[in-house]
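Novice: Sequence:
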Amino acid sequence: MRRSVVLGAGSALPARRVTNEELAQSVDTTDEWIVERTGIRSRYLAGEGETTASLAADAARRALDHAGVSASEIDLIVLATATPDQTFPSSATKVQAALGIPDCIAFDVHAVCTGFLYALSVADSMLRSGSAHKALVIGAETFSRILDWDDRATCVLFGDGAGALVLGAEEGERGILATKLHADGRHNDLLFVDGGPSTTGTVGKLRMKGREVFRHAVVNLAQVLNEVLEQAGLTAAEVDWVVPHQANARILDATARKLGLPAEKVVVTVDEHANTSAASVPLAFDVAVKDGRIKRGDLVILEAMGGGFTWGAAALRY
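Take 1 as the starting number for the sequence shown in our numbering and just add one per residue.
Mixed in with the good hints, there may be bad ones.
Unchecked claim - Restraint ranges, calculated between C-beta atoms of paired labels, are given here: (1) G195 x D298: 36 to 44 Å; (2) G172 x S26: 48 to 56 Å; (3) Q231 x G172: 16 to 24 Å; (4) R174 x S131: 14 to 22 Å; (5) E212 x T29: 18 to 26 Å; (6) R17 x D240: 28 to 36 Å.
Source of the hints: derived by calculation from the structure; they are not laboratory data.
Just so you know, even glycine gets a beta-carbon here, dropped at the ideal spot from N, CA and C.
Put together the whole structure using the sequences plus the hints.
Specialist: Here it is in structure tokens:
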């Protein structure tokens, strides 16, 4: 069977790391308050000259190096982001240009924190159909630029970064086994940005009702994880690793308990990176591959939920 196989992974973070203690110097908060409620201890914030596309290009270069694939072999770039460099053209085309690829399919996908799962599913479909042969799937964000830094309930939660996977179409047992995606637009007012080109003509700032989002997240993520396992013909006991969206340590713990998964099977990077939206799943995946936790042949489940609401999961044999 023709499958989309993960050939390599890479990630990139801004130069500036900001701890809770440093953040508390400008925001009415404390390290204890943030850690107790979220598990976050630090985040990386983009500086001058660092953009969503530049971070995405850096992550893509590292993924290509890890895969042993040259940029000229890539015929598809799907970039998930809610914070593009420009309204148009897509940030994917900026990555294409930065990598020196003269012609390939390149476009952005926008599903907020679930964006990488949506992008992965789209790329998987195109690879399996033969529309492309090697793809870069990227999640990249600079959420710091849409935060209200006077809103201590939200500004402490997010960070910037990028993660990328190189996929290749191959025959065999390895690769993406199943994907499952959802959306429910009735919940717009629980997690949104209060601006846009067609409404205010401005970028706007992030707004969130945290308790309601938490409640939906635990239910939806447990549901979609069960769905993707069933679709792939697998059980939770067969899973080697879960790489979840890194939104909040309490959500990760609650989701694992609902599924009966031991905490040691869940990759957690939220403490170091905070919530990097569409970048969080590929960024965490790269960390776990590079530190040796995720090994070739492991069964890995990816999952995320974001504004919209959107949520989804993917099962893959690395």
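Novice: Determine for every hint whether it applies to the structure shown.
Specialist: How the hints compare with the structure:
At roughly 42 Å, the beta-carbon separation of G195 and D298 lies within the given 36 to 44 Å, and the hint holds. Hint check: G172 to S26, Cβ distance near 52 Å, so the stated range 48 to 56 Å holds. A C-beta distance of roughly 19 Å is found between Q231 and G172, which places it inside the suggested range of 16 to 24 Å. For R174 and S131, the Cβ-Cβ distance of about 20 Å falls inside the hinted range of 14 to 22 Å, so the restraint holds.
Roughly 21 Å separates the CB atoms of E212 and T29, a value that falls within the hinted 18 to 26 Å. A C-beta distance of roughly 30 Å is found between R17 and D240, which places it inside the suggested range of 28 to 36 Å.
Violation of the numbered hints given earlier is absent; every hint is satisfied by the structure.
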